[in-house]
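Engineer: Here are the chains, one letter per residue:
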Amino acid sequence: MNDMRFTERNVDSTEIKIRAKNVDVFYGETHAIKGVDVDIPEKTVTAFIGPSGCGKSTFLRCLNRMNDTIDTCRVTGDIKLDDEDIYDKRVDPVQLRAKVGMVFQKPNPFPKSIYDNVAYGPRIHGLAGNKAELDQIVEKSLRRAALWGEVKDRLDAPGTGLSGGQQQRLCIARAVATEPEVLLMDEPCSALDPIATAQVEELIDELRARYSVVIVTHSMQQAARVSQKTAFFHLGELVEFGETGAIFTKPEDPRTESYITGRIG
Amino acid sequence: MPLLWLLLLILAIAGVGYLLGRNRALSSAGGEIRKLHSLPSYYGYNGALVTAVPAIIFMMIWLLIQPILIENRTVILIPDDAIAEDSTRDLVMSDVRRIAEGLDRLIAEGALSATEIGDLRTETTDIREMLGEVGVALGAEVQPAVLNAALSYRALRATSSMWMTICVIGVAVLGLAMAVTRTNATFRARNSVEAVILTLLMLASTLAILTTLGIVLSMLFEARNFFNQYPWQDFFFGLTWAPSFSGRGGGSELGIIPLLWGTLYVSLIALLVAVPIGLFAAIYLSEYAGPKMRAFAKPLIEILAGIPTIVYGLFALITVGPLLRDYFAEPFGLGNGSSSVMTAGVVMGIMLIPFVSSLSDDIINAVPQSLRDGSFGLGATHSETIRQVVIPAALPGIVGAVLLAASRAIGETMIVVLGAGAAAKLDLNPFEAMTTVTVKIVSQLTGDTDFSSPETLVAFALGLTLFAITLGLNILALYIVRKYREQYE
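So the sequence lines, in the order shown, correspond to chains Z and F.
The opening residue of the first sequence carries number -9 in the numbering used here; numbering runs sequentially from there.
The opening residue of the second sequence carries number -19 in the numbering used here; numbering runs sequentially from there.
Calculated directly from the structure, the hints in this document are not laboratory data.
Glycine is no exception: its CB is placed at the ideal position from the N, C-alpha and C atoms.
Hints are supplied without guarantee of correctness; some may be wrong.
[To be verified] Each pair of labels, with its calculated beta carbon distance range: (1) Lys121/Z to Arg367/F: 19 to 25 Å; (2) Leu193/F to Ala181/Z: 20 to 26 Å; (3) Phe276/F to Val81/Z: 50 to 56 Å; (4) Gly43/Z to Ser185/F: 42 to 48 Å; (5) Ile177/F to Asp183/Z: 41 to 47 Å; (6) Asp146/Z to Arg274/F: 47 to 53 Å; (7) Asp183/Z to Glu174/F: 36 to 42 Å; (8) Gly43/Z to Asn454/F: 46 to 52 Å; (9) Thr166/F to Ala188/Z: 53 to 59 Å; (10) Gln213/F to Gly119/Z: 56 to 62 Å.
[Unchecked claim] Each computed EDC-like pair below joins lysine to aspartate or glutamate, with the alpha-carbon atoms no more than 20 Å apart: (11) Lys89/Z to Glu364/F; (12) Lys102/Z to Asp70/F; (13) Lys272/F to Asp61/Z.
Generate the whole structure from the sequences, applying the supplied hints.
Structural biologist: Encoded structure:
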């Protein structure tokens, strides 16, 4: 664990962006998430760690109602975004997902040009009044995803032709272009090599200035490097949630200690 | 020995080869299977294959060559004066074969013995009447030279088939001996069986290609005969299709343009019906329908593909045709016949729906879920996701499905005959009767046909043109699929 370099631990904001209370998730008969309470602060990177199958990705997908696309999935409890219940009947999940963007485990660029990939969200939501504005949004998003320099001369090339790391940054640019308030990342680096991982991690730290970022990761080093707050999930339960430094240096729960020292998971 | 018995005998020897190979391998390893290179059954298969395959191939070659050789040796027995003025050597030879066959039947029925046949003379016996009694009708009295030729034909055939039996059995036994002597514990029987299987599979694929080639060549030869009698400019650019039915030839106008126009017009309407309905059905089934609905609706749509086209034709004739005439054509003053391009096109479109929907459904299902998730994650609705992500990703496959449906539409015959009629016409009005290339191929080849007149031979030129068009469509489909695949993967 000596190779962990902790980023600054100052949580800039104390404002809570997402407040989850007593959340249970069922897949048919399977009880995947059991009574989870989490408060995700604004302008902070929150990491979800835990062994495979512990429910961290499932919980992440509850935050933008991606689980709605799975027929057998049922969510109970209370998840509030800015004090508004996102599972309320009046909330349109489609609108919600525009506010809570998502980046997936495997890079999944659309079979379109790089430009069209980034412009996809803004076009759907009518964020640009004309072509020039759209061009601006695309450039800004690609710059924020640290991809502009590499692709600015070939915006018409297919997004699928980029390398894995570039594809993932393209997906981040695509999510950023929709101007979300929260960015959910489901193991964004698990398909990437170490160099691309370092680039994406650096990017996540920069994104913190504008968004609340929630990242699911298998790598504890990664959680330590990029996050300010960490939640440890085990067997569908939230075991421990707190400042990243505290979780990794003096965990309160014995299960957390076992996991970060490599005895379970 | 009849062919069937010979085949059974070869198989029996192969069975012996199986047992011998297996046992010899086992005994050479002292009964321990682990010491063998391959499983015992592989040694058995090796023995059987090495016995049977060369023998059967040898037999097939013999059977191909035998008739040619016998024919050549018999034909010289017929003197020129035995050939009547209005006859040819080929016709006499076919008489020779029929007489030989008739004599075989006589022996089989016990009317004559083998020795009596050698003593037959045209002067003493009425051979024509005798053969007539066993169902072999001859056109004229049998001449002595022809009878002689027939007798020698029979004799040669008997000798040849006896030698074939001996040689084939010899080859089989030789193979058996070779297989058995080669078999020991280190012999790689598994690999040799593998090689035989590979050859078998290769043979199957080659056969398919060769058949296609054969079809094209036979069409080419007949089409060349046609173009020798009819100028190709008039065929490809002629605007009138009016074959003369007198049978004497001459005065026919055989321009393909009206037929091609009818074909393309009917196909276009069929695709206009089939592509949107099929594609939308596929989208509904793969994206929106629940598993229960899907399990119920998909087979139901595919039933459409199982209905014989003649039944669709009847549907066009008695239901769709009158309906379109009464509610569209007549009120709008577009026509008053129930046979129309529209009728055939609409019914053909219904027939094509399952082709488009079934294939597109599979292709849409193959689009990775991660792409849909990515789009949903950006706040797109379901139909936005389908329109902007799923369909573009599935496009190459969908284009392939559409072009496949187009090939079907161009080749369809029955629906057109019953729905659009058989009158070749160049017209823009979709409520006029028109006809297609395939219908005309059928009508030129049915009935009393003379295979030397351009009116009949034109069918082959039409067929060849149609083949070229569908081939072009298929190549285009492949090209499109490849092009987009490069871009998308």
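Engineer: Report the numbers of all earlier hints that the structure fails to satisfy, in ascending order.
Structural biologist: Violated hints (numbers, rising): 2, 3, 6 and 12; every other hint is consistent with the structure.
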